[in-house]
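Residue numbers (the numbering used here), protein chains in the order written: chain A, 1270 to 1611; chain B, 1270 to 1611; chain C, 1270 to 1611; chain D, 1270 to 1611.
Hints may contain errors.
The list cannot tell twin chains apart, which means a pair is met if one copy fits it or any two copies do.
[What the hints assert, rightly or not] Capping the alpha-carbon separation at 16 Å, the derived lysine to aspartate or glutamate pairs in EDC-like fashion look like this: (1) Lys1600 <-> Glu1463; (2) Lys1519 <-> Asp1473; (3) Lys1407 <-> Asp1544; (4) Lys1519 <-> Asp1538.
Think of the hints as simulated: they come from the structure by calculation, not from any bench.
Protein chains: 4
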Amino acid sequence: MTSSNNMLNFGLFGCGRIGRMHGRNITLNSRARLAACYDVAADAARQAGAALGCTAVASIDDILGDPAIKAVLIASSTDTHVELIRASARAGKAVFCEKPIDLDMALVDACWRDIGSLDPLLMIGFNRRFDPEFRSVKERLDAGAIGSIEQVVITNRDPAPPPPTYLRESGGLLHDFTIHDFDMARYLAGEIVEVSAFGANLVDPMFREADDIDTAMLVLRTAGGALVHINNTRRCVYGYDQRIEVFGAKGMLQAGNRHPSTVEVWTADGTRARDPVMPGFMSRYDDSYRAELDHFIDCVVNGTKPITDFASAREALRIADAAVASMKSGKTMRLEGAGRGS
Amino acid sequence: MTSSNNMLNFGLFGCGRIGRMHGRNITLNSRARLAACYDVAADAARQAGAALGCTAVASIDDILGDPAIKAVLIASSTDTHVELIRASARAGKAVFCEKPIDLDMALVDACWRDIGSLDPLLMIGFNRRFDPEFRSVKERLDAGAIGSIEQVVITNRDPAPPPPTYLRESGGLLHDFTIHDFDMARYLAGEIVEVSAFGANLVDPMFREADDIDTAMLVLRTAGGALVHINNTRRCVYGYDQRIEVFGAKGMLQAGNRHPSTVEVWTADGTRARDPVMPGFMSRYDDSYRAELDHFIDCVVNGTKPITDFASAREALRIADAAVASMKSGKTMRLEGAGRGS
Amino acid sequence: MTSSNNMLNFGLFGCGRIGRMHGRNITLNSRARLAACYDVAADAARQAGAALGCTAVASIDDILGDPAIKAVLIASSTDTHVELIRASARAGKAVFCEKPIDLDMALVDACWRDIGSLDPLLMIGFNRRFDPEFRSVKERLDAGAIGSIEQVVITNRDPAPPPPTYLRESGGLLHDFTIHDFDMARYLAGEIVEVSAFGANLVDPMFREADDIDTAMLVLRTAGGALVHINNTRRCVYGYDQRIEVFGAKGMLQAGNRHPSTVEVWTADGTRARDPVMPGFMSRYDDSYRAELDHFIDCVVNGTKPITDFASAREALRIADAAVASMKSGKTMRLEGAGRGS
Amino acid sequence: MTSSNNMLNFGLFGCGRIGRMHGRNITLNSRARLAACYDVAADAARQAGAALGCTAVASIDDILGDPAIKAVLIASSTDTHVELIRASARAGKAVFCEKPIDLDMALVDACWRDIGSLDPLLMIGFNRRFDPEFRSVKERLDAGAIGSIEQVVITNRDPAPPPPTYLRESGGLLHDFTIHDFDMARYLAGEIVEVSAFGANLVDPMFREADDIDTAMLVLRTAGGALVHINNTRRCVYGYDQRIEVFGAKGMLQAGNRHPSTVEVWTADGTRARDPVMPGFMSRYDDSYRAELDHFIDCVVNGTKPITDFASAREALRIADAAVASMKSGKTMRLEGAGRGS
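Whenever a hint applies, use it, and build me the whole structure from the sequences.
This is the structure:
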């Protein structure tokens, strides 16, 4: 539509399911163009390149060394994030990296020591902040719709367990899945100063075998004194249950589940029945993935800071580490020092 | 609780299902006492008397002639209403009579000619005006919640066909069932000046055989210019569907169905499913029957006029007559002369 | 993404608001390409061409004579539809024309006499059949979810009156607005054999001055015996109220309004409050516009017939004509002869 | 209605707000009769006696020594419960006592040591088990509607703080208010084996001054391995928020709030808005208070055990004690030994 001179050229690292989804969003964005894609598996890159209409390149440097490419989107496996962030920042690219930065705080901090002085434009993909439902909650909170926040209840239930292979690399429920809720809690209610985590194995023996849990309840305390409850599970038969409730001195806000349609069925067996809710994160959060990309492009165009920056992603990891410590010790963990970032 | 000297003593005519229900409500009302009951079937009266703790009398005059009985509740068959109203009014009783007055306008008008000069306290049981849901709608309308009324949509669907014997005496769907909606339309939106009725036979051949319909849609026009839609059926598998929507210049009010509980079921087959709605008029309108009795007692105690008086019941009949004429002629019928009553 | 050789090249007639919306949908569709646009106002065409990345042409023949353009999308003013359909069909183009064909049945029939023998691929844009909500209702009906259809209630309320200039050319509420509901009634419940229409002027004097109405209620009867109620208004303060209820022998289906978000606000003033519903047809029906385009492309690619064809659009007009006659005469109008088309 | 010979005669201890409410329920129950009432404040007893139509007696023994009185209802202040239970059980009465038995476990156990061998019919008023909403949840769970239970979320928010005087005697939020939720958790999900409690002071300084909290979140673990979350507050501006969600392997059940009516308001400011929810425990749980009385009478008539017996009330207290210990220590408390009772 507009000439490609005005468009932001992206290079894509990682051509798996998430990478291709981000790649497609780039091609649909009127301000962006997908120039090149790379994957450690050359076949995957070739197929993605064909499907997305971009060049499949054979090495990372084909992207980092291309001056026409101003931005990179990192959607490769978690263990490659830190190295790609470092190299991309040094190459002067604007960097959008899928969450998490890494599962190991030492590597995360080493990464920042190396690139912090470059003041890179660096966004970590905590996409749920960009979901229209939750964003609307945040805007109403900021507008004072319910006064000061006293309680937050976050329900986050995965429709079905991930494959065992994924499980081993994921870092476990609290680092892989609940981490979204830690970020959301901070986004809505401010810094977290206390974490208590409770896990259970109710869904599938494979979780216990992987030294992981499949069911969790947590209670967090914010710097402002509010209490936050998070509940998680790896199996939810009626779909991907995603709800947030914020209770305050002057009222309550609830963001409910999204359904494929508004149609209600009334029969002798029951009334007002609707279909199961959205079946998974791709369908449930499609808006948020497009919106976070748009936010990233805004930041590049306007020279502003992303609201999901390196420091905020680090803070979500810090809470996840504390949550694991709490679950194992049966004690409440204090988080010393206010979090950085937004 | 309070001494019976302060209580309003009732005589009950008619000990069928409705009569016993009203009788029970009298016994539960702290300002009323059921003194006596009568039924043309002596056995029915005896059983009701035993169940309700009152004297079963052998003749109408045992009630009308008892000076301690100040009020009568007429719940006998429709063809006895006019005569009992007349005799009760002449005996100086306050009269509560189940709807309708009669199915024949000539008899209705003859009745009033005989008793109008007595200025009787006479209430006809259009109970739905006393339903908390619809009353709340009315109060909000009066408070200006949605500005001037432009459209009303009344959904009134019976769960299951009445027995064939009832059908023959009922006067047909429009006189027996829709008449509640005619009264409700007047209550909410004012006098009706135009009626168009459309009937269908979709539920059971017995209705056609009885020269009746089982499905209807109507459009009414009020003196204020608003349009009113009514839809009816004699079979609704998910319960007794009772809804009202009022649309105005500044918004809309909706009174929804009542369910036995708020419980929602979420499974792989569907979400948010609730039980069928209330199964029939006894369970759905129990509040309204108690409230209309209370209103009647208020009128006796305070010397005020009931909001469902003789004239308003006559007006509902007049609209039903016009609806039948419209259905048969395929034309819109004008109602000349504003209705009387409230 | 795919090479443009495989894409369906479109020419666009009419670059107003609707034309540009369709043009954008063409550019977003992975199987289509917008080759050229034309408008009687050359400036409008130029601006649309720039915004949509296509050539703005100076004459209709630049599109009709271009063999690379296989399909046309007609979104010009209603009085040009018939002529453009005729010329496009003769030029061998696949034709997608915005509703209505024309407001004058004689012109509609003359058009078909001229092109019928060409057996053109010709789709009229009754977009609501492609709305995911209503399509879901249709699919459930077809699957027997509620048994045979007995009643349909269609609520269609415009948020705000159109500009007076539009009003004069629109053909009036029943031809411009209710016509969508006529088509929907046929889509869901089958052929219409009887129409009764009731109009009112409650919203703005401008409607009366234009010899139009701003509020309407209708009752239709289908060939299968079901009754259909439609209610319309030109002003609805809480948004674009779009609901359908279908009641059958075994249950009920309701398609409700869409809201910008699921967020509910609970305060001392009220609970469960949501934002106003979608503000207008562009936001409410965006999915349906994209889906109808996709259906059209399916038809071109597969050589199938569109479900919203010339005959079905003619039938919607025939019902609208009967509705006007009914409203003016105060009588129910019979529609002789079953409708054609789907 | 039925002769008083067949009725269960009650004596009432305590004529405050709760006592009068129970007294009224006795008078409304067709199987019960309120014979006498007593209060330490003779005036209160006299007024209640007049209002409820029973004899106001001057001493406890007037009730305990009356052989016609078979049952007592203890609704006096908490610190009198243990002594009245003991005396009533020894006098051979069936005993219905308001919750809690006492705030001090030592006194509770001493009480049972004294009367356990008498095998008294003794019910403690954990009324919420009899609420139709929650009972419906329980019945569906028992019927296997959602498979094995994995998570329970109980929301219990008081509309407004109690008076400071009450606060001092109440035993604190966890013993006075949350104790209902502890009992509910056991009722729905089985024995509790682990408790973690988190308190906050966000509502009113008076709570902190009373060494109490006004906001709480808890996580419990059941013997079956399920996790339970409870959230509480002493101030909720939209009414008495009472919800339960049970999540299982095959689905979810939600019992929602009750509203005074179903009426929804749609305006330019918002849509689907309903009134605040029920304002307090009297209006919200009126059904449950009547149903628990009926259950007690069933037990007396049939010689069965109440589902809210002494042991289950003791267990709720034991959980409350553990919750306090958890809150103060910041540690999860284990409850050794399975609970007794139902």
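task = Kindly indicate which numbered hints from before are broken by the structure, ordering the numbers from low to high.
result = Hint check: nothing fails, all pass.
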